[in-house]
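J.: Residue numbers (the working numbering), protein chains in the order written: chain A, 1 to 230; chain B, 1001 to 1498.
None of these hints come from the bench; they were simulated from the model. Be a bit skeptical, because a hint or two may be false.
Pairs of lysine to any residue residues, derived as SDA-like cross-links and limited to a Cα-Cα distance of at most 25 Å, are as follows [said to hold, decoys possible]:
| hint | chain 1 | residue 1 | chain 2 | residue 2 |
| --- | --- | --- | --- | --- |
| 1 | A | 208 | B | 1053 |
| 2 | A | 99 | B | 1352 |
| 3 | B | 1392 | B | 1163 |
| 4 | A | 73 | B | 1434 |
| 5 | A | 99 | B | 1185 |
| 6 | A | 73 | B | 1438 |
| 7 | A | 7 | B | 1185 |
| 8 | B | 1163 | A | 76 |
| 9 | B | 1351 | A | 7 |
| 10 | B | 1392 | B | 1069 |
| 11 | B | 1351 | A | 13 |
| 12 | A | 122 | B | 1438 |
| 13 | A | 99 | B | 1392 |
| 14 | A | 99 | B | 1479 |
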Amino acid sequence: MFHWLEKHPFFFAVAVFLAVAFAGLVEIVPNFAQASRPVIGTAPYSTLELAGRQVYIKNSCNACHSQLIRPFKSETDRYGHYSLSGEYAYDRPFLWGSKRTGPDLMRVGNYRTTDWHENHMKNPADVVPGSIMPAYTWMYTNLADIDTAYAEQLTVAQFFGVPYNKPVPMKDGSKLTVKMGVDLADAKALALAEAKLITADMKDQEIKDAVAAGNIPEIVAIIAYMNSLK
Amino acid sequence: MENRPLEYDYTVAKLFMLTTILTGIVGMLIGVILAFELAFPSINTILGSGLAEYTNFSRLRPLHTDAVIFGFTLSGVFATWYYVGQRVLKVSMAESSFLMFIGKLHFVLYVIGVAAVIFSLLAGVTTSKEYAEFEWPIDIAIVVVWILFGISMFGLIGIRREKSLYISVWYYIATFIGIAMLYLFNNMEIPTILGTNGIGESGFGDWWHSVSMYAGTNDALVQWWYGHNAVAFGFTVPIVAMIYYFLPKESGQAIYSYKLSLLSFWGLMFVYLWAGGHHLLFSTVPDWVQTMGSVFSIVLILPSWGSAINMLLTMKGEWQQVAASPLIKFMVLGSTFYMFSTLEGPIQAIKSVNAIAHFTDWIVGHVHDGVLGWVGFMIMAALYHMAPRVFKREIYSKSLMATQFWIQTLGVVLYFTSMWIAGITQGMMWRAHDEFGNLAYSFIDTVTVLHPYYTIRGVGGLLYLVGFLMFAYNIYKTMTSGRKVEESELQSASPMGA
C-alpha cells in the first residue's frame, strides 16, 4: 500500500490529510457546544472594558501575563479561585497566555485598585521594586479606540448572540444588564460615563482633564478592563 | 530520455535563500534584544521614551517568534523545496514557464506578506493568538501565498520523471497539507466592520479588526491544536524533509532504513496532532483531552526518534566525516538536538512535571533547543550544501564554518541550561509554602532570582546570533568571491543509493 501511495501523489496527499485531521475531529468537536456556555456571574464586557481589552491585546500583555488559574493550592492562594470554563464564555480571543513572566491576572480586579494601576503602568519598578516590567507611558497619551470596541460589541451580539441589553444572572441572584449603544454617539457616551467613574479614583490631572473634555486615554480603558477581571 | 544531466533552475531557490538569511538576522536580533530586556529592563527604552512603544518587550515579542517561524524557517523550507524538489523529481523548473512564473509570484507575495506582518505587529495590530497574530487581511494574503506554494509543489510533482516520491517529498507534502488545515481553522474570524447596530449602521472602527469565531475554552483548544502543530508542520516535518535529502547527499551514505522512515513518517502524521492538549494541562479544557495530550506526547517519542535514529545510523561506519566536515557536524548535532528536544517535550507533557514547568522559562528553553539546535542548524547546513551547487562556487571558508559551529553550539548550550535552571527554580518557588501553609515567596521574589539566568541566556542567544552573522558572511563571500567550481567536482551521492 505504501509503495503504491508513493507513486500516486494525490492519494498520498489524501492519506496524509486523513491521518492528520483525525485527531482534531476527535479532540475538538465533542465538547464544543458545552464548553462555550457561560457560568452564572459572567457578564459581557462593557464598551470601555472591551476597548481596554483591545489595548491589552495591542500591547501583547498576554506575552507575559496569564489569565488561567490552575487548581493547585499555591495558585488559589496567590490568585483566587481556579478558573472555570464558563467564565471565558465572552472571551474572543481567549487570553490565557503561555508564559508567566509576570503574575496571573485572571482575578486582578479583586486585589488591585485603579490607583495602583495608574502608578504601576507609569513605572512598574516604583510600585514593585525589582520589577522587570517596562513602563507603558504611551497609554497615558494614546486615546482608546471606542469605535472599534463598539464594532466588536455589535459583531459578537449579532453573530454569537452575546447578551447585550439583556439581563444576565449574577451570583447573588440579581440580574445585570450590560448596555450597548444604540448608535456610535450613544456608545461613546456610555464609555465616557464609565471612564468618569474610573478617573474619579485617579490622580493624574491630565488624564482627568482629557476625560472631562470627552477624550478617553488608553490607560483609563485598560484600568476599566483590569477592574472587570474578577 | 535525454542523455545528459538535467540543468536545474535555481532562480527561486536563490531568492528564498536570501530571505532565509535576512529574516534570520532580523528574528534572532530581536530575540537577543528581548533576552537582554528581561535581564536589564532599561533596554526597553533603548531608543528613548518617545519610541518606547516600538522597542518594548511585549510589542517585539510576537515579532521575534513570527520572524523566526514565518520568516527564517518558512523561507528555509521554500528555498530547500525549490532546490530539493527539482532534484528528487528529476525535472527542472525551466521546463515549465508556468511553474517558473508561479514560483516567482510565490516569492514576491511572500515578501509583501512578511513586510505587512512586520509593520502590523509593530503597530500593535494583532489578534493575540500565538503564531497566528495576523489580522484577517494578512491571513488572506498568507492563504494565497500558501496556495501558490501548493501549485508550485504539485505542479512540479505533476511533470516529474521520477515516478516514485522520495521521502523528502512526503514530508514537504505533509507540510503543505498540515499547515493549510491548521491555519485555516485557527484563523476563523469575523471582521468587526460587519457588526451592524439596531438602526442598520455598520463599518465602525478599524477595518482590519476581527473577532475569533471561537470563545474562551474552545478558542484555546483550537489555538493550541494549531500552535502545537505549527511546531509540528513548521519546525519538524519540513526539517525532517531536509535532513532526509541533505545528509545522504553530503555524506555519500544511503539512508539506513527505508522501513524505519516509513514507520516514522506515518507515525508522526497520526500521532502529532493528538499531543496539542499538553499545552492546556490543568486548564479548563476537558480532562480527557488533557490526558490524551499527555499520553500521545509520550507516544510521539517513537516516530520522532525513528527519524533521528535513522539519520544517525545513516552515518554508520562513516563517523570520521563528523570530525572532518563542519557541514556533517551541523546535521549530526541537529539530529541529536532533535532527539533531545523530542524527549524533553514529552517529559514536560507529563502532568506532574507540567505542573511545575508550565508558564516558566523551561518551556522557552525547550522551544529554543529545538529551534536553535535542530531547525537552525539544519537550515544552515542545507544552505551550506546548496550554495556551491547553486552559485557554482566553493564555500568561501571551511574554518569559518567550523568556528561558527562551535560558537553556536556553545550558545545553544548556555541557552537551554540557563532556562532549564530558571524554569525549575521559578516553578518550585511559586508552589513553595512555609511551615504554616502560607506562600513562601511573593511573585517578585521569583522574578528577581532569575536575573543571572536571564543574563546567561542573553549571552547564549548573542553567541548564536554572532554565529549566524558568520554564516551570512560566509554565504555572501561564497557568492561573490568563492573559487569557481562545477557540480561534477563536488562529492554528491544519491539518496537511498538509487
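J.: Run the distance test for residue 99 (chain A) versus residue 1185 (chain B): straight-line Cα separation, threshold 25 Å.
T.: 24 Å, holds
J.: For a C-alpha distance cap of 25 Å, please report whether residue 73 (chain A) and residue 1438 (chain B) respect it.
T.: 10 Å, holds
J.: Going straight from one Cα to the other, do residue 99 (chain A) and residue 1479 (chain B) come out at no more than 25 Å?
T.: 42 Å, violated
J.: For residue 122 (chain A) and residue 1438 (chain B), compute the direct alpha-carbon distance and say whether it is at most 25 Å.
T.: 31 Å, violated
J.: What's the verdict on residue 7 (chain A) and residue 1185 (chain B), does the C-alpha distance respect the 25 Å limit or exceed it?
T.: 30 Å, violated
J.: Between residue 73 (chain A) and residue 1434 (chain B), is the straight-line Cα distance small enough, at 25 Å or below?
T.: 13 Å, holds
J.: CA of residue 1392 (chain B) to CA of residue 1069 (chain B), is that 25 Å or under?
T.: 29 Å, violated
J.: Take the C-alpha atoms of residue 1351 (chain B) and residue 13 (chain A), compute the straight-line distance between them, and say whether it is at most 25 Å.
T.: Violated, at roughly 34 Å.
J.: Decide if the proposed pair is consistent with the structure: residue 99 (chain A) and residue 1392 (chain B), CA atoms, cutoff 25 Å inclusive.
T.: 46 Å, violated
J.: Next pair to validate is residue 1392 (chain B) with residue 1163 (chain B); report whether the Cα-Cα distance is within 25 Å.
T.: Roughly 28 Å separates the two Cα atoms, so the pair is violated.
J.: Is residue 1351 (chain B) close enough to residue 7 (chain A), meaning Cα to Cα at most 25 Å?
T.: It is violated: about 42 Å lies between the C-alpha atoms, which goes past 25 Å.
J.: For the pair supplied as a hint, residue 208 (chain A) and residue 1053 (chain B), confirm whether the alpha-carbon distance does not exceed 25 Å.
T.: At roughly 23 Å apart (the allowed maximum being 25 Å), residue 1053 (chain B) and residue 208 (chain A) satisfy the hint.
In summary, the structure is inconsistent with hints 3, 7, 8, 9, 10, 11, 12, 13, 14 from the numbered list given earlier, while agreeing with the others.
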